[in-house]
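The whole structure should be built from the sequences, with the hints applied where relevant.
Residue 379 in full-length UniProt numbering is what sits at position 379 of the sequence shown, and the numbering runs on without skipping anything.
Hints are computed from structural coordinates only; laboratory data are not their basis.
Predicted model, so just to flag it, every value in this text is computed and none were measured.
By construction, the Cβ of each residue, glycine as well, lies at the ideal position given by its N, Cα and C atoms.
It cannot be assumed that every hint is accurate.
[Stated by the list, open to error] List time: in silico DMTMM-like cross-link candidates among lysine to aspartate or glutamate, alpha-carbon distance up to 20 Å:
no. : residue 1 : residue 2
1   : 347       : 305
2   : 295       : 345
3   : 114       : 428
4   : 295       : 227
5   : 295       : 335
6   : 347       : 312
7   : 347       : 337
8   : 295       : 305
[What the hints assert, rightly or not] The following label-pair restraints were derived from C-beta to C-beta distances:
no. : residue 1 : residue 2 : range
9   : 193       : 223       : 24 to 30 Å
10  : 476       : 193       : 28 to 34 Å
11  : 303       : 434       : 38 to 44 Å
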Amino acid sequence: MASDSVHGRWSLHGGAAGGGAQPAIALCSQLSTSCAGGSCTLRATGTSLGEHERQDAGNVMSVIASRSGPENTALSSDRSLSTGGRIAAYRRLNRLTQRGLAARANVSHSLLTKVETGSRPASQAFLAACARAMSIPVTHLTGQPFIEEQTEDRLAGPLTDLRASLENFDLILDDLPVRSLAEIRPDVHEVVLARRDAKYSQILGRAPALIDELVQQSQTLIGRDSEQAHHLLVQVYRAAADVAYGLGLVDLVSLLLTRMDFSASRCGDPYQVATYRYMRAYSTFTTGRHEVGRKIIQAALDDIDTGIRATDPVAVCAAGNLRLRASILATRQGDADTARGELAEAKQLADVLGREVNGSDLATGYAGAMSFGATNVAIHAAAVEMELGNHGRAIRLAGQVHVPEDYPPDRIGHHHIDTARAQLWTGDNAGAMTSLFKARQVAPQKARYHPSVRETIAGVVHASRHLPDTLIGYANWVGVQL
1 MASDSVHGRW SLHGGAAGGG AQPAIALCSQ LSTSCAGGSC TLRATGTSLG EHERQDAGNV
61 MSVIASRSGP ENTALSSDRS LSTGGRIAAY RRLNRLTQRG LAARANVSHS LLTKVETGSR
121 PASQAFLAAC ARAMSIPVTH LTGQPFIEEQ TEDRLAGPLT DLRASLENFD LILDDLPVRS
181 LAEIRPDVHE VVLARRDAKY SQILGRAPAL IDELVQQSQT LIGRDSEQAH HLLVQVYRAA
241 ADVAYGLGLV DLVSLLLTRM DFSASRCGDP YQVATYRYMR AYSTFTTGRH EVGRKIIQAA
301 LDDIDTGIRA TDPVAVCAAG NLRLRASILA TRQGDADTAR GELAEAKQLA DVLGREVNGS
361 DLATGYAGAM SFGATNVAIH AAAVEMELGN HGRAIRLAGQ VHVPEDYPPD RIGHHHIDTA
421 RAQLWTGDNA GAMTSLFKAR QVAPQKARYH PSVRETIAGV VHASRHLPDT LIGYANWVGV
481 QL
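Next comes the structure, spelled out in structure tokens:
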């Protein structure tokens, strides 16, 4: 029987690319490159492998030997594996039993068993706990990034352009043609609108050139004009970070947050710093460092406390969003009381505001503010109960959400995705599919790349005795193998 601890180490030898002994989990995260161009063999060093471990190792090696690329780790990119299958495979590579992983991740052994067999979907909190327990990115378990879908949607080239644009953030380049800020600003607004609509392709198509222009302007202009350039950069970086997060490109998210921090601290607007911290706290979902995220949120709230006390609408909108993010962070830690307390704080702020603020609407006078209002609070109330496992209550709260006209499709789509997860848990497969189709209708790219959509689809497939054409079509669209 495999030990619950990681005692053994596997070493890989693959021609000139071979290396010394590596931890078992490093095999998954590094060997796609090491195996390229030569045959790979696996041997045990310092321990004996049981028959199951040898079989798992052989399966993993056959996948690793056929794949390479900086974003494409072998096991996580294998489309034949479900999320539960990836958890099981990485668990075995770490020489952990199910009880061993459950104890280390502080999750239910029964739930882990059901997730691995596909009879229960994995929540985001569950995935983060398992990933952290095995010292791997959560995207290794979700299968992100979804390379084939990115290729179909022609995102690879624009993503390369985006990475290239991020090389410069503080230098003046010779002979770089730029427009005035007045000419650039409408294009930035289009990017902001694309972000609220979850239109990843449009954001990626515009962001690289805008970053080049705005960096040049931020370094050549002086005073308030330079601050305005940095202010616009924050908005573009945020939109691009939303895309990178949605695609599961964790390294790109980190780089964009670094650039966002640089400009937010130079635009003379404390609320842009709060926006940066809001996004930084979001990134802790992928690492499971929720306690760090909560500290970030509190620091942001402290910095804008004067504006909150003065009921400055921009401050209230920022604080409301920060409270809502804090509620989800607390939920991921299983802290229901704090999560609901943060929701109550957000509701009070929405009451103070007294209206739905759309920060992307230039005609409202709140341009640049974070969109906020009672609807967002109601959506998060349902999400909190869903994350806490109170799926029936989550569905009831979701049914009470009344989305106003012109509400951001990105948020509506996420709401439908969360509702579908709760419906699956309660056995309402038809309802789950209805919610997923709503998400696809309002925010197709968000739905296609959201790992929870794949997890819900896989759960519906597992629970269905017959697969209707609509389910098969949706599964094919998001890349779930039947």
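Do the hints match the structure? See the list:
no.	hint	in the structure
1	347 to 305	17 Å, holds
2	295 to 345	17 Å, holds
3	114 to 428	18 Å, holds
4	295 to 227	27 Å, violated
5	295 to 335	15 Å, holds
6	347 to 312	16 Å, holds
7	347 to 337	15 Å, holds
8	295 to 305	15 Å, holds
9	193 to 223: 24 to 30 Å	29 Å, holds
10	476 to 193: 28 to 34 Å	30 Å, holds
11	303 to 434: 38 to 44 Å	42 Å, holds
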